[in-house]
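Take the given structure of chain G and dock chain L to it, following the hints.
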Amino acid sequence: MLYAVLCYHDEAEVMGWTPAQDEAVLAKRAKVQQKVAAAGKLGPVARLMPTTAATTVRSGREPVVIDGPFAETKEQLLGFYVVDCASLDEAIAFARELGHGETGALEIRPLRHFETGSRAR
Amino acid sequence: MTDLAWIDAALTAARPKAVGALLRYFHDLDQAEEAFQESCLRALKTWPVNGPPRDPAAWLILVGRNVALDDVRRRSKTQALPPEEILSDLNDAEADLAERLDSAHYRDDVLRLLFICCHPDLPAVQQIALALRIVSGLSVEEIARAFLVSEAAMEQRITRAKSRVAAAAVPFETPGAVERAERLGSVAAMVYLLFNEGYSATGGSAHVRVSLCEEAIRLARLLLGLFPSEPEIMGLTALLLFQHARARARLDPDGNIVLLDEQDRGLWNHDMIAEGLALVDKALRHHRPGSYQVQAAIAALHARAARPQDTDWAEIDQLYATLERLQPSPVVTLNRAVAVAKLRGPEAALAMIEPLADRLSGYFHFFGAKGAFLTQLGRTEEARDAFGRAIALAHTPAEAAHIRLHLDRLMKDSQSA
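In order, the protein sequence lines correspond to chains G and L. When we follow the numbering used here, the leftmost residue of the first sequence carries the number 50, and every step to the right adds one. When we follow the numbering used here, the leftmost residue of the second sequence carries the number 285, and every step to the right adds one.
So here's chain G without its partners, still in its complex pose:
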């Protein structure tokens, strides 16, 4: 079974960490990652940019593009894609197409850091 582990935290707090604190957390996590990676079990790892860099496409008959992260509580996170786009417009077009004929929303959040991982397909 593949599992996605999603990281949540108070953003304002994490952004307030000093570089040293941030690096310490990453280093601590890297140790755990390395263990799993060595076993060939690690999939993609990503760190997202802050929610202020996010754009949301609300699906529906007329998709609506909204600045900011997806912030509703009645819908749940059900999946995600990682896609390489030349521009935000390209990413928005992809999200519109994905959500075509659906309701719900797709949040577009630029990645800050990305690793492909060690797991063989």
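FYI, nobody ran anything at the bench for these hints, they're computed from the structure. One thing to keep in mind: the hints can contain errors.
Pulled a few chain G residues facing chain L out of the computed Cβ check, cut under 7 Å [claimed, not checked]: (1) Glu62; (2) Gly65; (3) Pro68; (4) Met98; (5) Thr101; (6) Ala102; (7) Asp116; (8) Leu137; (9) Pro159; (10) Arg161.
Backbone N, C-alpha and C define an ideal beta-carbon position, used for all residues, glycine too.
Chain L in isolation, oriented as in the chain G frame:
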């Protein structure tokens, strides 16, 4: 992380919202700050035991308010409210409060808090000092160090600024759309000033200066989180990120200024640049250009160039032309002249800045740029004069040392010629 470290980070992060909300309850800045202090002290006692509350800001507001109410009750000898030790478990109360303090409320609370620091009667430095004290929660000592004054002098300035603000009617009603936009404009300008104070390095240690820049970025991000659809706030945040991304490359190990062309671009912070580019991308979609966006777009072109010779100077020239229209200023024209020098040569650049001589007669960078253009034209004597004026106007030893370097080169060149 230790208890103290995460609690400190959580308290700092929650501060603008919490003090903003407490100010709305008490209508008094000192009382709001005292209540926040008190709730922080209680957080330090109970959080390590009970763990972090789900919504730290809501917890701090609730406790801060209760402490004040408790005081009133104690004085009137009625029953006290429950102690906050059990409050961490009262998730219902927390959730309820968090709900009432929805993002719209927080937005106006934080904006108000920042806005009162921008009182037009306060000189720029006092606006910044007040914001650092009230919104960012820096100690008076830290602020004093940043501005190279004694702690007592800074204390006095902040106290005076506070009473100035208190005497002016603080606007507590919910602002209308126009008013909100005006407030946002003033606050954005203050954040920009704060960043420049850190960036221009008129004094203080590099470390202190960097923290001012970081604080400005934190406030810009805070504003953007509250006003996610304002392209100018995206532009402002992006601009600060681009400028700050170069911080490590701007000074060499001896503290000498390194110009953009000569900076080691590998030292630039590419995370910050990527975030800035994402924000510029977002802003452009709104088709509502403004001066922060244009400045961010210029900085983005510099940031995008892997090597100095890859810089798109034609586009930069165009963007400065737009900026001259949006925000006419001799300093903007001076900056444009640097792009013009790259595009059409030093003669055209010199012709462009000649008419600015009167208005920029006290401006260090005017003479620095003029000297550089004259040097390129081989007009050594005039260049030496211009550099001499620049040194006289330098604000920091680093600025003066940088110009002296140019003078030394001129001397050597004229000797070898």
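Consistency of the hints with the structure:
1. Glu62: 4 Å, holds
2. Gly65: 5 Å, holds
3. Pro68: 10 Å, violated
4. Met98: 5 Å, holds
5. Thr101: Holds, because the Cβ-Cβ distance from Thr101(G) to chain L comes to roughly 4 Å (cut-off 7 Å).
6. Ala102: OK, holds: Ala102(G) within 7 Å of chain L, min 4 Å.
7. Asp116: 4 Å, holds
8. Leu137: Hint holds; Leu137(G) Cβ to chain L Cβ min 4 Å, cut 7 Å.
9. Pro159: 4 Å, holds
10. Arg161: 6 Å, holds
Violated hint: 3 only; the structure is consistent with all others.
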